[in-house]
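**Student:** This is what each chain is made of:
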Amino acid sequence: MQPTLLQRVAAGEPAAVGECIDRYGGLIWSLARKLVGANADAEDAVQEVFIDLWRSADRFDPNVASEPTFVAMIARRRLIDSKRRRTRRPDQGQSIPVEDVDVPSGEQESGAAERAEEASRAAAAIRELRPEQQEILRLSVYEGWSHQRIADHLQVPLGTVKTHVRRGLIRVRELIQRGSTVIVDPQVIP
Amino acid sequence: MNAFLTTDERLMQLLADKATEGLSGSQHDELDQAMIAHPRIARDELELAAAAVTLAMMGDNEEKLPQRMRTKLCSDASHFVAERWGTANAGTATVNLVNESKTAARRIGRTGWLAAAASILLAVVGWWRGMAPTRVESIDVQYQQFVQRATDMVQAPWLPKVDDYRGVSGKVVWSDAEQAGYMVLSGLPANTGRRQYQLWIVDPQRDAHPVDGGVFDVPASTGPITIPMQPRLRVRHPTVFAITLEKEGGVVVSGGPLLVVASIDR
Numbered sequence: 001m002q003p004t005l006l007q008r009v010a011a012g013e014p015a016a017v018g019e020c021i022d023r024y025g026g027l028i029w030s031l032a033r034k035l036v037g038a039n040a041d042a043e044d045a046v047q048e049v050f051i052d053l054w055r056s057a058d059r060f061d062p063n064v065a066s067e068p069t070f071v072a073m074i075a076r077r078r079l080i081d082s083k084r085r086r087t088r089r090p091d092q093g094q095s096i097p098v099e100d101v102d103v104p105s106g107e108q109e110s111g112a113a114e115r116a117e118e119a120s121r122a123a124a125a126i127r128e129l130r131p132e133q134q135e136i137l138r139l140s141v142y143e144g145w146s147h148q149r150i151a152d153h154l155q156v157p158l159g160t161v162k163t164h165v166r167r168g169l170i171r172v173r174e175l176i177q178r179g180s181t182v183i184v185d186p187q188v189i190p
Numbered sequence: 001m002n003a004f005l006t007t008d009e010r011l012m013q014l015l016a017d018k019a020t021e022g023l024s025g026s027q028h029d030e031l032d033q034a035m036i037a038h039p040r041i042a043r044d045e046l047e048l049a050a051a052a053v054t055l056a057m058m059g060d061n062e063e064k065l066p067q068r069m070r071t072k073l074c075s076d077a078s079h080f081v082a083e084r085w086g087t088a089n090a091g092t093a094t095v096n097l098v099n100e101s102k103t104a105a106r107r108i109g110r111t112g113w114l115a116a117a118a119s120i121l122l123a124v125v126g127w128w129r130g131m132a133p134t135r136v137e138s139i140d141v142q143y144q145q146f147v148q149r150a151t152d153m154v155q156a157p158w159l160p161k162v163d164d165y166r167g168v169s170g171k172v173v174w175s176d177a178e179q180a181g182y183m184v185l186s187g188l189p190a191n192t193g194r195r196q197y198q199l200w201i202v203d204p205q206r207d208a209h210p211v212d213g214g215v216f217d218v219p220a221s222t223g224p225i226t227i228p229m230q231p232r233l234r235v236r237h238p239t240v241f242a243i244t245l246e247k248e249g250g251v252v253v254s255g256g257p258l259l260v261v262a263s264i265d266r
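From first to last, the protein sequence lines stand for chains A and B. Heads up: the first sequence at position 11 corresponds to 11 in this note's numbering, and the numbers run straight through without jumps. Heads up: the second sequence at position 41 corresponds to 41 in this note's numbering, and the numbers run straight through without jumps.
The following block holds chain B by itself, in its conformation from the complex (with noise of 0.2 Å):
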């Protein structure tokens, strides 16, 4: 149909498409020429309209946004913070979430908000202090649990990827049931300065870019550690598990280098 519109007939029709179905590569292309001669439209003109219709017909039929969800964008406001604002204000993040809720506690009971408050409080934790790992010994009972409970376990070696890295070893155990595993390294050099390793999970089926796994430290002269993995967003069936090392809280895009990958044959 494009044969039959003029030009300005089809910028606004690439911008209605935008604003409805989303445009593929070639039209985005397009979309930017077609955006040169028009200075004076705005690119999100359409966009916005559909927006305000959408507010206008959705009116008071609102969904509620569920308590496990909310607690993992809590979870998520706690990282966005740290990386953009530094560690020491991640827990600012949420802390008015918890203060807020005292209607959530009446509603839900006080076993149900109790549980909901630690679930937030440890996702806080756990992205302020980056996840802490754990000395073998003390964590061997919930590891062991976890293989004898996984029947769906994959696994694989953990392979230096860089010179320095050389010494590592140590594998990866994953269950896409319970979407969580450990990461048992040896030989993991001490992160030092304002640096910490993160976790990078490459699920093929899931998207194109590795899904952040979070960060940890690694403190000095330790044994062998065993990290515990339960990333933020979901992954199926992830294939490749990578550590980089980036500035204190992590980063949303890694320039690399990969240290060590493990690699799982499906």
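Next up, chain A with everything else stripped away, as it sits in the complex (with noise of 0.2 Å):
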């Protein structure tokens, strides 16, 4: 089996580093802007992330999960991480100057068919969750918005939030790792 690109990066080759930028720049740029904002900090974040990516490059298991879900992960933990700080001290942002230019690339493609089937086991997960979860953990997970927000959006209890999140996120675990491991929350047995 072909090394994957983070293997090759853990296994020193100084060309793999390179390649992460165009295969899963768009990927963590796109995270970026949800979860950062479209402000400098969001530039600041991306950076921080693929150096972080290229440091963890020797954790990546492939029996664990793809590639791709991989570097996402490690993307929000510290795009996360970054949100926290910077809501933590007032920060009046500076727009992102739109005159960049976009740079299609192969690597980027071939990225993408590892991906689309990544991201179809999960979205057919998530169809198996009940609307109201799916609902939660779309503002949740992929909009970046705080629990409390989510609460006070949808005018339910706090705790009604977090207890969707929890059990919606396991689902959604079991699902995609049928036959592996799979963690049991007493709450989602019937």
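Rather than coming from a laboratory, the hints here were simulated on the basis of the structure. In this text the structure is predicted, and so the values were computed from the model without any measurement.
As a list, the in silico EDC-like pairs of lysine to aspartate or glutamate whose alpha-carbon atoms are at most 20 Å apart: (1) B:K18 to A:D81; (2) B:K18 to A:E143; (3) A:K83 to B:E21; (4) B:K171 to B:D212; (5) B:K18 to B:D8; (6) B:K171 to B:D265; (7) A:K83 to B:D203; (8) B:K247 to B:D212; (9) B:K18 to B:D32; (10) A:K83 to B:D17; (11) B:K171 to B:D203; (12) A:K83 to A:E48; (13) B:K247 to B:E83; (14) B:K18 to B:D44; (15) B:K18 to B:E30; (16) A:K83 to A:D52; (17) B:K18 to A:E174; (18) B:K161 to B:D265; (19) B:K18 to A:E48; (20) B:K247 to B:D164; (21) B:K64 to A:E143; (22) B:K171 to B:D140; (23) B:K161 to B:E246; (24) B:K18 to B:D29; (25) B:K171 to B:D152; (26) B:K64 to A:E48; (27) B:K18 to B:E45; (28) B:K18 to A:D52; (29) B:K247 to B:D217.
Hey, can you piece these two chains together into the complex? The hints should help.
**Tutor:** Below, the structure written as structure tokens:
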């Protein structure tokens, strides 16, 4: 089996470090814009994510998750930390210039198939959730809303939001990794 | 709501919170304790689930990485490679990016591409070789232009912090608006062996940790030197500039000591 990009980074192949930018740049940039916002902080955060990703390459295990999922996890973790850190201090923010030009690349396309497969499995798992769980997961995970904001928006107790997020994520993980170790939340068992 | 959750549920709630909102310091401590009792549960179980959900919901709505951002990352890649595997490999990280971007050249036009390529090349050279100091007379024009142009310029004198550097003098000038500045240094001993000087920029409004300002060499028997500063990460209102002597290529976290420091009174 061919080594994945992160495995090549972990193995000490310098060229693989740069290739990560074109394969995962769009994904990480999109996540940063969602979770951190359209300001200069997003740029700093993306740089931090990539450095973290390169350093964490040796922790990627293809038996546990696909490489795009691992990358998204590292990115989300760093972006959430970044968002928490930055919301603790006042910040006027600064707009990102819009003159930048997109740069398509073959690397981005070559990672698309693997990402699509993982996304397809996750999407199937999400469809098995109840509609209210799907909505809360979307707001929390994808839109990056705080639990409190979701509770206020949907006019439900904060505890209800937290429970839906917890059970929803556990269920998705179970459905994706059916056949491997399953996390059991007692409240999910009928 | 903790009082209404079982121990297992509380652990999973902490993992779910970690995956979606992040945890406070005390919650991290609580999670550490809870994980001890559940060695079979991976700490990143629900973070991976959240990542998969993200990929599913993002679908084809992925934005393209802006060219300017990509150039910055290329510079970071070179720096990372130099630090991890030595400076001789630093150029390799971005060579492939330059070669494979023929499509980009067609899209943004010859002038734009040349500018982009030049930026990448400068970035690679900048981090591969370190910031090359230039004698005052050769960079004087650019420096003077900066001083005249930067209406928000702040400055501070370099102050030695260790005995061996008592002879160092000069100043640092900086513009928040330009995100750039210059170090003017006299009496800084030449770096020898596989060691390089490294600049650190402290911006309390940005982060508790100093920003890496890059590495540079000081040749032997040189007069005053002027070194341009353009940190890779954005800094807002830096208050302290400091120089350490590190291994070639620089380090991510310095063990010090601080050799000379310039503090800006804001």
